[in-house]
Amino acid sequence: MNATTQPSVADLKRDLHLIASADPGESPDDPRLVEDLGLDSLAMAEVMVLLEEKYGMTGQRVSLLTRDWRGITVSQIYEESCRTNSGTHPAG
Amino acid sequence: MPATANEVVWLRPIQPEDYPFLRAAELGGDIGSRWRFRGSTPGPEQWSQSTWASSLAQFIVMSANQNQAIGLVSLYDPNFQDGFASVAVAKFSPVDTSLRIMSATLLFLDYAFTNWRFRKLYFDVPEFNLAQFSAALRSHLSTEARLKDHMFAAGRYWDRFTLSLFREQWEQTRFQFRALIGGES
Chain A
178 MNATTQPSVA DLKRDLHLIA SADPGESPDD PRLVEDLGLD SLAMAEVMVL
228 LEEKYGMTGQ RVSLLTRDWR GITVSQIYEE SCRTNSGTHP AG
Chain B
2 MPATANEVVW LRPIQPEDYP FLRAAELGGD IGSRWRFRGS TPGPEQWSQS
52 TWASSLAQFI VMSANQNQAI GLVSLYDPNF QDGFASVAVA KFSPVDTSLR
102 IMSATLLFLD YAFTNWRFRK LYFDVPEFNL AQFSAALRSH LSTEARLKDH
152 MFAAGRYWDR FTLSLFREQW EQTRFQFRAL IGGES
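Chains as they are written, first to last, in our numbering: chain A, 178 to 269; chain B, 2 to 186.
Chain A on its own, in the form it takes in the complex (with noise of 0.2 Å):
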């Protein structure tokens, strides 16, 4: 990990604004992936390896893969890549 260049929650808000192609400013605080967002299977796709590569989600892949994505935010997602990450900030 590096401690200069942890993603936070609000990068995560915009990495995946950017895969959704949506406005933030046209989404809530705490968007859902899938209902807000509008992340279709590809996108969540992207997201997936996006968690895995930049937020240190390496370990989740199963859990990523089999989960049902309906209502998890973006907030939700980020405190379970802090969890992944023994408690620390993502990795960078």
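Hints were generated in silico from the structure; no laboratory data involved.
Stretch by stretch, here's where chain A covers chain B in the computed footprint (C-beta under 8 Å, at least three residues):
1. 91–105
2. 126–134
3. 137–148
4. 172–183
By construction, the Cβ of each residue, glycine as well, lies at the ideal position given by its N, Cα and C atoms.
Position chain B against the provided structure of chain A, taking the given hints into account.
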């Protein structure tokens, strides 16, 4: 040899004992009007014949943890002289938001490109399903054809899109999504 299984799904060849379940899934429920018969209900014999009529390879998608059938992937209408075929994917549960079907689709595309020398694979997509391909169209698939008002469904005419995935693009896509295909960590 290409894999037909990973951590979350496996591709199981269709057996005759699957026919009643598959026919029911294909002719009813959410995919009944979207899949190839689009509302008509062929008899069991006609259904089984047409299931294999133009098929090169098709598998039932099984979830690895529950060992449950969750979808179907099919490679059909191959043209070996010109190097293309078509791919179809069905998800049995419309409310399944997991990435298992996507993982199976990527696994199946790898299977298709590895077993045969196809230059590209086609996806025939009705207009009402096009939204599901939004992300794919941004960076993976190309729109090769759009047939205006080509098909009638749900009380109106819809366009039909032919999307393509070239082998060269697939190599990039495969690398990007290698975590979903499996075989690496």
